[in-house]
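S.K.: Chain by chain, the residues run as shown.
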Amino acid sequence: MKADPHYTLYHPRWYRRHVSVWWWLQNRSYTAFVLREITSVFVAFFAVVYLWQIRAIAKGPEAYAQFLTRLGTPFFLVLNAVAFLFVLFHAVTWFNLTPKAMVLRLRGKRVADGVVLGLNYAAWVVVSGAVAFVLLRG
Amino acid sequence: MPSVVAMTVARYRPEREPAPTSETYEIPFRKDWVILDALNHIKDSVDGTLSYRWSCRMGVCGSCGMKVNGTPKLTCATFLSDYVPGPVRVEPLDYFPIVRDLVVDLTDFVRKLARVKPWIIRKEENSPADGEYLQTPDQLDAYKQFSMCINCMLCYSACPIYGLEPGFIGPAAVALAQRYNMDSRDEGAAERLRILSEHDGIWQCTFVGECTKVCPKHVDPAGAIQQYKLTGATRWVTSLLLPWGTR
Chain F
6 MKADPHYTLY
16 HPRWYRRHVS
26 VWWWLQNRSY
36 TAFVLREITS
46 VFVAFFAVVY
56 LWQIRAIAKG
66 PEAYAQFLTR
76 LGTPFFLVLN
86 AVAFLFVLFH
96 AVTWFNLTPK
106 AMVLRLRGKR
116 VADGVVLGLN
126 YAAWVVVSGA
136 VAFVLLRG
Chain B
43 MPSVVAMTVA
53 RYRPEREPAP
63 TSETYEIPFR
73 KDWVILDALN
83 HIKDSVDGTL
93 SYRWSCRMGV
103 CGSCGMKVNG
113 TPKLTCATFL
123 SDYVPGPVRV
133 EPLDYFPIVR
143 DLVVDLTDFV
153 RKLARVKPWI
163 IRKEENSPAD
173 GEYLQTPDQL
183 DAYKQFSMCI
193 NCMLCYSACP
203 IYGLEPGFIG
213 PAAVALAQRY
223 NMDSRDEGAA
233 ERLRILSEHD
243 GIWQCTFVGE
253 CTKVCPKHVD
263 PAGAIQQYKL
273 TGATRWVTSL
283 LLPWGTR
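Protein chains in written order, with my numbering: chain F, 6 to 143; chain B, 43 to 289.
I should point out that these hints are in silico values taken from the structure, not numbers from a laboratory.
Even glycine gets a Cβ: it sits at the ideal position worked out from N, Cα and C.
Some hints here could point you the wrong way.
[What the hints assert, rightly or not] BS3-like mimics (lysine-lysine), calculated; alpha carbons at most 30 Å apart, straight line:
1. B:K159 to F:K114
2. F:K114 to B:K271
3. B:K159 to B:K259
4. B:K255 to B:K271
5. B:K255 to F:K114
6. B:K259 to B:K85
7. B:K259 to F:K114
8. B:K85 to B:K73
9. F:K114 to B:K165
10. B:K186 to B:K165
11. B:K154 to B:K165
12. B:K154 to B:K186
13. B:K159 to B:K255
14. B:K259 to B:K271
15. B:K259 to B:K154
16. B:K255 to B:K186
17. F:K114 to B:K186
18. B:K159 to B:K186
[Unchecked claim] Some chain B residues well away from chain F (every beta-carbon gap over 12 Å; in silico):
19. P44
20. T66
21. D74
22. D79
23. N82
24. Y125
25. P127
26. Y175
27. P208
28. R227
29. D228
30. E233
Given the sequences, and given the hints that come with them, work out the whole structure.
M.R.: Pasting the structure below:
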């Protein structure tokens, strides 16, 4: 009789582990990753707020004033502040990704990550400046 | 500096226990020891039943990958002195089935590696009489980083996506596919892209980025996957806009 009927000598019996639901708390980069994925909810939230704003504008000045008062409530102020932080995190991590995905080669040498990143941030500043100029001109 | 260090090693003896346990050994501390030296000391002088893989002791063979205090490491390149006063916890790599103690089964990776065709594909082979395929140093430089992979599987162990979606082709396989795609002698990029844009290919990756951090050879598999995504997306848009265009 064998001691353990489930075990055959010299035949592997693999032990398969399963991933814990809390895997993303194991180290800080996993947590940062999950937070980054959650930012998509806040990006969607801002998109909905913009649609809401456009609807209010279309309805007329009264509706728009009501929209502004509602956004001024403490609930929306806090929600907007949190959402803004998440969207900022989303933007920064997105920019940090670009040198990984875009490998530029100049005269056979790889352009340094910092340069690719810097150019992206510069483009962001220029585009934001142009948008601000158009909006604030009048 | 302490004279002894406590080392907790994961054990799994399928003939004795249904699930892994751990055992703690007191080992002498030596400044010049790496974790693998400590394991060899246990095997030689304390407990000969301990099983683990190793070969070259110099970060080339990729056999001795294990988790040290929770982080995937090559144990031959990880100094014990970085973990004093201890205790040091040594475990098998995550997500692969454990065969025994610190030994995991890598069959899944080997199958996936073969799927990405990690060899030079030519539409037409030159005859040996035509001589070698020549390459400039710049052309070598384009893929050299990805060719440094030693299949140590630290990146798979660091990748939660591989743990959650076992079908995912994984970081090293994509990096090695990219190694051949970037090779000026290769003509198989379209073939590989077809395989890698399937459901279990590059799009499973959500860029956790840990694979690149743990890679002992600075291969940057996360970068390889993101670059591949860009190539895949560009190809897809091109084929949408120019369906009659040459592929």
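S.K.: Would you mind marking each hint as holding or not holding in the structure?
M.R.: Hint-by-hint comparison with the structure:
A threshold of 30 Å between alpha carbons decides the hint, and for B:K159 with F:K114 the separation of about 27 Å falls inside it, so the pair holds. A distance of roughly 22 Å separates the Cα atoms of F:K114 and B:K271; the hinted pair therefore holds under the 30 Å criterion. Among the hinted pairs, B:K159 with B:K259 is consistent with the structure: their alpha-carbon atoms are about 22 Å apart, no more than 30 Å. The suggested pairing of B:K255 with B:K271 holds, with an alpha-carbon distance near 20 Å, which does not exceed 30 Å.
Only pairs whose Cα atoms come within 30 Å are accepted, and B:K255 paired with F:K114 is accepted, the gap being roughly 23 Å. Using a Cα cut-off of 30 Å, the hinted pair B:K259 and B:K85 holds, with the two alpha carbons roughly 28 Å apart. For the hint pairing B:K259 with F:K114, the CA-to-CA distance comes to about 20 Å; that is within 30 Å, so the pair holds. In summary, the hint linking B:K85 to B:K73 is supported, as the alpha carbons are separated by about 19 Å, within the 30 Å threshold.
Taken as a hint, the F:K114 and B:K165 pair is honoured in the structure, with Cα atoms around 29 Å apart against an allowance of 30 Å. For the hint pairing B:K186 with B:K165, the CA-to-CA distance comes to about 23 Å; that is within 30 Å, so the pair holds. Distance check on the hinted pair: B:K154 and B:K165 sit about 23 Å apart at the alpha-carbon level, within 30 Å; holds. With a C-alpha separation of about 21 Å, the suggested pairing of B:K154 with B:K186 holds against the 30 Å cut-off.
Straight-line distance between C-alpha atoms of B:K159 and B:K255 comes to about 25 Å, which keeps the hinted pair within the 30 Å bound. This hinted pair checks out: B:K259 and B:K271 have alpha carbons roughly 22 Å apart, not beyond 30 Å. Our distance criterion of 30 Å between C-alpha atoms is met by B:K259 and B:K154, whose separation comes to about 20 Å. Restraint check for B:K255 and B:K186: satisfied, since their Cα atoms lie roughly 18 Å apart, inside the 30 Å limit.
Pair hint F:K114 plus B:K186 holds up; C-alpha atoms about 13 Å apart against a cutoff of 30 Å. Under the criterion of a C-alpha separation no larger than 30 Å, the hint pairing B:K159 with B:K186 is consistent with the structure, at around 17 Å. Even its closest Cβ contact with chain F, about 26 Å, leaves B:P44 beyond 12 Å, as expected for a residue assigned away from the interface. The claim that B:T66 is not at the interface with chain F holds, since no C-beta of that chain comes within 12 Å of its own (minimum 20 Å).
Every CB of chain F is more than 12 Å from the CB of B:D74 (nearest about 29 Å), matching its label as outside the interface. Chain F leaves B:D79 outside its interface by the beta-carbon criterion, the shortest separation being 26 Å against a cut-off of 12 Å. Once the 12 Å rule is applied to beta carbons, B:N82 is consistent with being away from chain F; the minimum gap is 24 Å. With a cut of 12 Å on Cβ distances, B:Y125 stays outside the contact zone with chain F, its closest approach being about 16 Å.
Residue-level check passed: B:P127 sits 22 Å from the nearest beta carbon of chain F, beyond 12 Å. Separation of B:Y175 from chain F is adequate, the least Cβ-Cβ distance of about 18 Å exceeding the 12 Å criterion. A beta-carbon of chain F comes within 12 Å of the beta-carbon of B:P208; the shortest separation is about 10 Å. The claim that B:R227 lies off the interface holds: its Cβ sits roughly 17 Å from the closest Cβ of chain F, which is beyond the 12 Å cut-off.
The non-interface label for B:D228 is consistent with chain F: the shortest C-beta to C-beta separation is roughly 17 Å, beyond 12 Å. For B:E233, the condition that its CB be more than 12 Å from all CB atoms of chain F holds, with the nearest at approximately 22 Å.
The structure does not agree with numbered hint 27 stated previously, though it agrees with all others.
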